[in-house]
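Peer 1: For the sequence shown, my numbering gives the first residue as 22, with consecutive numbering after it.
Be a bit skeptical, because a hint or two may be false.
Said to hold, decoys possible - Just the calculated beta-carbon pair ranges, DEER-fashion:
| id | residue 1 | residue 2 | range |
| --- | --- | --- | --- |
| 1 | Thr23 | Glu162 | 54 to 60 Å |
| 2 | Glu162 | Arg129 | 46 to 52 Å |
| 3 | Asp115 | Gly68 | 39 to 45 Å |
| 4 | Pro161 | Arg86 | 22 to 28 Å |
What the hints contain is simulated information worked out from the structure, not anything from laboratory work.
Think of the CB as a built atom: it goes at the ideal place given N, C-alpha and C, for glycine as much as any other residue.
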Amino acid sequence: MTRTGYAPGVYDLFHVGHLNILREARRRCDRLVAGVTSDELTVRLKGRRPVVPLEERLEIVRGLRCVDEAVVESAEDKLETWRQVGFDVIFKGDDWRGTPKWLALERRFARVGVEVVYFPYTRHTSSTLLRGALELLARPEPPRARSAQLAEPLDQEGGHEQHVGQQQRAVEDEEQLLASQK
Numbered sequence: 022m023t024r025t026g027y028a029p030g031v032y033d034l035f036h037v038g039h040l041n042i043l044r045e046a047r048r049r050c051d052r053l054v055a056g057v058t059s060d061e062l063t064v065r066l067k068g069r070r071p072v073v074p075l076e077e078r079l080e081i082v083r084g085l086r087c088v089d090e091a092v093v094e095s096a097e098d099k100l101e102t103w104r105q106v107g108f109d110v111i112f113k114g115d116d117w118r119g120t121p122k123w124l125a126l127e128r129r130f131a132r133v134g135v136e137v138v139y140f141p142y143t144r145h146t147s148s149t150l151l152r153g154a155l156e157l158l159a160r161p162e163p164p165r166a167r168s169a170q171l172a173e174p175l176d177q178e179g180g181h182e183q184h185v186g187q188q189q190r191a192v193e194d195e196e197q198l199l200a201s202q203k
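Kindly produce the complete structure, drawing on both the sequences and the hints.
Peer 2: As C-alpha cells, then:
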C-alpha cells in the first residue's frame, strides 16, 4: 500500500526551512504531495499577499526531486483538502504544534485515520524574516540611527565643517603649549 503524504504551505520566498520540511516529509512517505496555498487563501489566513506569485511558487515546488506532485490549496478546511487529495499523513512545522487550530485538526484527522507529523521549525530563517528584510531594503530612504545624524549637513557653508576645524586647531594649539612647557 502506498503511503501518501501532504505538506501544505505558502512556500513564499522559498528558503531552506521549506526544503527541510519537504525533504523530511518525503523520507516518511512513498508519495509526497505539496499543497501550495493560493494567493486568496493566504490573504484570508495571513492578511497579506505572498511576494512570489502562485504560479511561480508552484513551479519552484514542482521542480524539487522530493515532491511528486504540487497542487493549489484553496480550501481553508484541511479535511476538504484531504477529500480532494487523499493523503495518509500531513506534515507541518512544529511552530504550529499545540495551537488551537492544529489541536482541533489533529482530532478531526484522527477520526479519518490521518496522522499529523510535525517537523522542527527552522528558526534562523523564515519567509516572514525575509519579507521584513525586503521591506527594509525597499524603503525610499534607509533608516538612520539618531546618534549618527547631524543637525546640519557638513557641506553647508558656515556649517559644522568650519566649527570642527576650529576645534581641531584649538586642540593642536593646546597640545603645542603643553609640549613647550615640559
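Peer 1: For the range 54 to 60 Å, tell me whether the beta carbons of threonine 23 and glutamate 162 fit it or not.
Peer 2: 56 Å, holds
Peer 1: Falls inside 39 to 45 Å, the C-beta gap from aspartate 115 to glycine 68?
Peer 2: At roughly 23 Å between Cβ atoms, glycine 68 and aspartate 115 fall outside 39 to 45 Å, so the hint is violated.
Peer 1: Regarding glutamate 162 and arginine 129, is the given constraint of 46 to 52 Å on their beta-carbon distance met?
Peer 2: Between glutamate 162 and arginine 129, where Cβ atoms are some 49 Å apart, the hint holds.
Peer 1: For the hint 22 to 28 Å, verify it against the beta carbon of proline 161 and that of arginine 86.
Peer 2: 41 Å, violated
In summary, the structure is inconsistent with hints 3, 4 from the numbered list given earlier, while agreeing with the others.
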